[in-house]
Amino acid sequence: MDVNHINAFITGLIEVSGMLGLGNLTRTSLGARKQLKTQNEVNIIIGLVGDIKGNVVLSMQEKTAMNIASKMMGGLPVSEFDLMPKSALCELSNMVSGRSVSELEKMGVLTNITPPTLVHGHNLISLISQVETLVIEFSAEEGRLELNIATED
Amino acid sequence: MKGLRMDGTAIRVMAVDDSPITRKMIKKALEPEGFEIIGEAGNGKDAVELYHKIKPDIITMDVTMPIMDGLKAAQVIKEQNPAQKIVMLSAMSDQDIVAEARGWGIVHFCAKPFKPEEIVEKILRVISE
Amino acid sequence: MELSTTIAPFVRASTNIFREMLDVSIHKGQVEAEGESFLSQGFTVMVGLTGGWEGWFFLDMSQETAIKMASLMVGEDYSSVEEEEVLLAGAEIANIICGNAITDINNIHSGLNIRLTPPSIFAGDNMSMFNVRLNACSVLLQSDIGNVKINVVMKEAK
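Chains as they are written, first to last, in my numbering: chain G, 17 to 169; chain V, 332 to 460; chain Y, 12 to 169.
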């Protein structure tokens, strides 16, 4: 994976989080995905086809997702991970991928993206690629976020 | 044992596919018939590198793969050795892909899904040409 | 775009692949409309579509069915979805179904040029799939190894 392409996604997430008023999003680690199991109940997937092909998954715990949704809805309390917070998280994901795609375009890299799918469940096992998946961890006031990038370029 | 020649030597196959499961299925289809899988690769780039080391009698090559796709890898190999026998495997039988491949001397395709007998017969047919 | 006609090539491809690769015969259900969300049976493979149409294809089944499917496909005895080969087998089946289906679709609608993302697989408990503002339709395929649901979520690209 090209480091410039990875940076486009990191930029997308950080900028959009800033715009939405999420608190102090900082990157905490970067490494290869080691195992199939995840403790993150909320996983939002965007697929890419074009100069870059693969899947990008934004994942987090349910509590973090609800905190983010609440922030996005002006502080409205969110007590259940239902339609409203799910829609909000999909919107976040759309904005992040849109921003990332613009960054990539500036580099002359053109790629089409799918609409997002939000997968929610417990005791999840996931495999988003047959090649290596890069996991970038972030920390914010609302909780921890993970950007999983599995792309071939 | 269709994979054995008259002199008892095995036909040597290199299996290239980004899905380890498909590579496993190819082995299971061919090995019982006496074919020898002498090497495997998960992308076109590794395929080209491995090819130079092991010189198989025939290559099964998936079209859609990361890093370097199968058509490109097949083209590179054919440029170096036009006589190399290659069977392209694909779940998509786009007319455009087939036409483009023909231009590079890649004429043998086997559509996915294939039954074990199908891949055996295809390989035998290509080897005998 | 009529979703019920969009799903037809996927139903044909699925039926064909189950028969050819697994020797399993399928009894097709009706096309059902789905809302923005569906509950997974425990094991779901997803393939994204881009190009003239944008959306997702889902292949959904119970974990038990997924294990049986992998075992039939590979000729080995698997016992859990935690085994990577069970996930990979699901991915490959979905990949082939979609490859076959969109070859059909691209041939019928020239210029549509639909392309596929690599497959993702998710397995778990109380799992649901949500696509905001996208409607879906599904077809239940009944077989001896269990019920397999295929679900298509699509819109025309702008």
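Quick caveat, the hints were computed from the structure, so don't treat them as lab data. The structure displayed is predicted, hence computed values, not measured ones. It is possible that some hints are incorrect.
Unchecked claim - Label-pair ranges, simulated between beta-carbon atoms:
| id | chain 1 | residue 1 | chain 2 | residue 2 | range |
| --- | --- | --- | --- | --- | --- |
| 1 | V | K376 | G | E107 | 37 to 47 Å |
| 2 | Y | D88 | V | V429 | 18 to 28 Å |
| 3 | V | N412 | G | G34 | 36 to 46 Å |
| 4 | V | P363 | G | M100 | 50 to 60 Å |
| 5 | Y | S91 | G | T27 | 44 to 54 Å |
| 6 | V | G436 | G | G39 | 56 to 66 Å |
| 7 | V | V407 | G | G47 | 51 to 61 Å |
| 8 | G | E107 | V | A442 | 16 to 26 Å |
Claimed, not checked - Partial pick of chain Y residues on the chain V-facing surface, computed with a CB cut under 7 Å:
| id | residue |
| --- | --- |
| 9 | M32 |
| 10 | L33 |
| 11 | S36 |
| 12 | G62 |
| 13 | L83 |
| 14 | E103 |
To be verified - The calculated lysine-lysine pairs, modelled on DSSO-like cross-linking and capped at a C-alpha distance of 27 Å, are:
| id | chain 1 | residue 1 | chain 2 | residue 2 |
| --- | --- | --- | --- | --- |
| 15 | V | K359 | Y | K79 |
| 16 | V | K446 | Y | K79 |
| 17 | V | K409 | G | K50 |
| 18 | V | K446 | V | K333 |
| 19 | G | K53 | Y | K39 |
| 20 | V | K416 | V | K358 |
| 21 | G | K122 | Y | K169 |
| 22 | V | K446 | V | K403 |
| 23 | V | K333 | V | K376 |
| 24 | V | K386 | V | K376 |
| 25 | V | K358 | V | K384 |
| 26 | V | K358 | V | K333 |
| 27 | V | K333 | V | K384 |
| 28 | V | K358 | Y | K79 |
| 29 | V | K403 | V | K416 |
| 30 | V | K358 | V | K446 |
| 31 | V | K409 | V | K358 |
| 32 | V | K409 | V | K333 |
| 33 | V | K409 | V | K376 |
| 34 | V | K384 | V | K453 |
| 35 | V | K446 | Y | K39 |
In this text, a Cβ means the ideal position worked out from N, Cα and C, and glycines have one as well.
Verify the proposed pairing of K409(V) with K376(V), using a straight-line Cα cut of 27 Å. Roughly 14 Å between the alpha carbons, so the hint for K409(V) and K376(V) holds.
With 7 Å as the cut and Cβ atoms as the points, is L83(Y) at the interface with chain V? Violated, because the Cβ-Cβ distance from L83(Y) to chain V comes to roughly 11 Å (cut-off 7 Å).
Holds or violated: K358(V) with K79(Y), Cα cutoff 27 Å? holds, 20 Å
If you draw a straight line from the CA of K358(V) to the CA of K446(V), is it 27 Å or shorter? holds, 13 Å
27 Å Cα cutoff - pair K359(V), K79(Y): Distance of about 18 Å is within 27 Å: holds.
Pair hint outcome, K446(V) versus K333(V) [Cα-Cα no greater than 27 Å]: Given pair K446(V), K333(V) holds - Cα atoms ~16 Å apart, limit 27 Å.
Whether the CB-CB distance between S91(Y) and T27(G) falls inside 44 to 54 Å: violated, 39 Å
Hint says 51 to 61 Å; check whether the CB-CB distance for V407(V) and G47(G) agrees. Violated: the Cβ-Cβ distance is about 33 Å, outside 51 to 61 Å.
Taking the Cβ atom of P363(V) and the Cβ atom of M100(G), is their distance within the range 50 to 60 Å? The hinted range 50 to 60 Å holds for P363(V) and M100(G), with Cβ atoms some 57 Å apart.
K446(V) paired with K79(Y) [C-alpha distance capped at 27 Å]: holds, 18 Å
Can the suggested window of 16 to 26 Å be confirmed for the beta-carbon pair E107(G) and A442(V)? violated, 41 Å
What's the verdict on K333(V) and K376(V), does the C-alpha distance respect the 27 Å limit or exceed it? violated, 30 Å
When held up to the earlier numbered hints, the structure conflicts with 2, 3, 5, 7, 8, 10, 11, 12, 13, 17, 19 and 23 and fits the remainder.
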